[in-house]
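Taken in sequence, the protein lines are chains A and B. If you're matching positions, the first sequence starts at 1316 in my numbering and goes up one per residue. If you're matching positions, the second sequence starts at 893 in my numbering and goes up one per residue.
It is possible that some hints are incorrect.
[What the hints assert, rightly or not] Some, not all, of what chain B presents toward chain A, calculated at C-beta under 8 Å:
id, residue
1, ALA1036
2, LEU1096
3, ALA1109
4, ASN1119
5, SER1207
Because the hints were derived from the structure by calculation, they are not lab data. Quick caveat, the model's predicted, so the values are computed rather than measured. All C-beta atoms, glycine included, are put in the ideal place defined by N, C-alpha and C.
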Amino acid sequence: MNATATGTLGIVMLCHTALRRAAQVARFWLEAGCPVVIHLDRAVPAAEAQAMRDDLGSHPLLAFGPRHRCDWGSWHLVAATQDACDLLLRQFPQVGHVLLTSGACLPLRPATDMQAYLAAHPQTDFIESVAIEHATWTMGGLSEERFTLYFPFNWHKQRWAFDQFVEVQRKLRIRREIPRPLRPHMGSQWWCLTRATLSAILNDPKRKRYERYFRRNWIPDESYFQTLARMHARAIESRSLTLVKFDRNGRPNLFYDDHLHLLRRSDCFMARKIWPEANRLYDFFLSDAARKLPPVAPEPAKIDRYFELAERQRTQGRAGLYMQSRFPGIDSSASKTAGPYSVFSGFDHMFEHFEHWLGQVTGTRPHGHLYAPERVQFHGGAKVWHGAISDSAAIRDYNPRMFLTNLLWATRGERQCFAYGPEDTMDHEVNWFMATDTNAEIHVIRGAWVLGLWQRAEISESVVAEAGRLHRREQDWLEILQSRWRMARLQVWSVADIRHAPELALKKAVSEIADPVALTAHGTAPLRPLDGFDAYLLALRNAGLAPQVFKNFQGDARR
Amino acid sequence: MSVLGQIRLRAERHAKLFRCLRKSASLRLRTKRTDMIRPRDILAFVTLRNELIRLPYFLDYYRAQGVRHFLIVDNGSTDGSAEYLEAQRDVSLWSTEASYKGAGYGVDWLNHLLWLYGAGHWVLVLDVDEFLVYPFCDTRPLSALTDWLDSQGRRSFGAMLLDMYPKGPVSAQPYRSGQNPFEIARWFDAGNLSIRRNAKYQNLWIQGGVRQRVIMADAPHKAPALNKTPLVRWSRKYAYASSTHTLLPRGLNKVYDDTGGEFASGVLLHAKFLDTIVEKTREEMARGEHYAGSREYRAYSRILAQTQDLWCDWSSEYINWRQLEILGLMSKGDWA
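From just these sequences and the hints, can you work out the full model?
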């Protein structure tokens, strides 16, 4: 054997599509003096295979391995690798390290860098190899079971049968014996092994027996070499030199032209998988373009973060967003709205210039009654608000829930405060939505609508009828707010409570959103004068309104 | 959905497929270049009438994204659209004088051509005033998206209409042939959509935007649908239902996540509000070939007569797809 410290790097390349690109990468290695053995999947049509051979021509450092048909996760991938490695080691005695790559892998650094790196670590095997008891990333919860169950069905094409068969075996407690002395390990199938280790694996006296065992495993290409390397290697560095980012379905994410800057920050030597049409990536990394640019410091965490964020967007999405490709059911996402908001009911009837005062002490732009029957009372009487939301009541009432979620989404970052009460167009669905929204903070003065009525109209038959309606509506709303499904923060006062201690109540209502300095500077809003209100109340009672209405005005209702 | 409901939907789909065969009798082949279509090509299917001024930019826009062939039905153009299209090397053209309304607003013709030529391809079904914007469209061609959709096992890709409009009266800035329409119609409404789920077809029914805010303000329920699924990996079993807003089988309409996550989606920038709309409105009102007695066009004519500005203080000016994604109008999902 020629496992010398000065051995060169040999490449094994497993190819099945985009052969033009594979040939381009092969040429990159050949030009750097690295022997290359290419395995062409047997599924590749003869014409395409021949075209690739013609494309590469004959080269003293190039050979083609025996062809297998490699389905995803099948044993044949391992067999193809074994044959190609065997050929490489036999034909090119100068090879010290063997790098296993695919036709969609792209070198991220010059070949000389990689050779220098390997020359500095002549005895080291670079293979991600994790003991199965520590492997937590696996799909479908199968880690140890990969080694102890039978897998006759294809996971991609016969998923149902695959799952059922696994289930049945679990029930029957089927457990294949793991041949001694193997200790199952798993990891990325893209590795770089020393000649010594690889030869030892290929020439292991028990190779036939191990093969019989691994043939039945699931995804043996992620475990065969990873397990055997543990037996034969002198020094394992358990990481892959090839960058692969998997999505949640276990498929490798593709790299495109716009990932160039991200890839330059990788600390890996190779990247997989490259989209075959990513011309800019191939042009850049297969030429000496990088040398002409100032060097960048590796920041692999940046790449991880980039893909983690994408994953999170797919699985959790952006809170409070309702759009064409994210439309969660009412209670199916963690957060129903884009940000916290405050609802004040009855405060404008009890306090002078409440809205103006609220804006002063909180620094927000409070709205009036967003659900007023005539039109939306945006802050300052605006006709349109953020997101081009119209003040038209007809449009709002067409989809009142989305009116609210739209507003909160369009103004995210700015706390929304608005008035809401029984005199508004109260939508049952919106009431439930707010009551079960953790972002909502709802402050209600029970019975304050009577003051609103008093300020608006003399007693008449129709006013009494309206009072009855408003009362019922308030009851319905409070019932929802006080149900056991409430998630919103809620404070309820009666009119009497407020009259008893107006400043205290007001301060408590804005305690979470007001700036203490502003609160000191502006004080609290004064109560509206209530001269003559008691007579109005009396007249209303005598007109036949329900007695519950009047409880809100009698002393401190909580006592 | 009940078994009965599913049987009904299947019957509806078969009826659609049968109907399009019948309605295809009125299609007359003008120029056939379909033998140029290669197996993995992305194809565009279009119905149009008198759109000559828009055609150069439209064709170039999609050529640049990687559309290989355009299959177009010309519904009786008199402005030279057909002659222009015949001269394009990547266009196959059919023409018909039959009623647009009678052909299910063009759906029957498209279903027929899709059945004949679309199967196995990723197809775009478009109007000439619709311009697809998808995640990374500034750096990745359309085939990158379709390859990825294939790898994810997805058969359809949603892209809702986003109505674009100019600042000032619509007719103030005349559109020149070949010009990017969004140099003029640069503005849009970013956050006033109304979305409901349609239980029968499983699609989202999206309304809103400037057409609801201004043109249909007094009858918001009549505002046109904005949801679309323009990019589909076609099969002979598929058909558009009553319009290009709904596909059958209905699984194709499910281009959204309903558990809180986001699917990748795009936007069709809608260049309807250019000065050309004045002429178009006059013509379409006279023909009455559009949905609900051309109600929409009657509303346009009323609003445009007042030379009302569609622009408002909270209109957003278009920059790029990343802006649309930040605003929550589209999503890259997990296509990183």
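Evaluated hints:
Annotation: ALA1036(B) was flagged as interfacial toward chain A, and the flag holds, the nearest CB pair being 6 Å apart, inside 8 Å. Taking 8 Å as the C-beta contact cut-off toward chain A, the hint placing LEU1096(B) at the interface holds, the least distance being around 6 Å. Look at ALA1109(B): its Cβ gets to within about 5 Å of chain A, closer than 8 Å, so that hint holds up. Taken as an interface hint, ASN1119(B) checks out: its beta carbon lies about 6 Å from the nearest beta carbon of chain A, inside 8 Å.
Satisfaction of the interface hint for SER1207(B) is found here, the shortest Cβ-Cβ separation to chain A being roughly 6 Å, below the 8 Å cut-off.
Every hint, counting from the list given before, is met by this structure.
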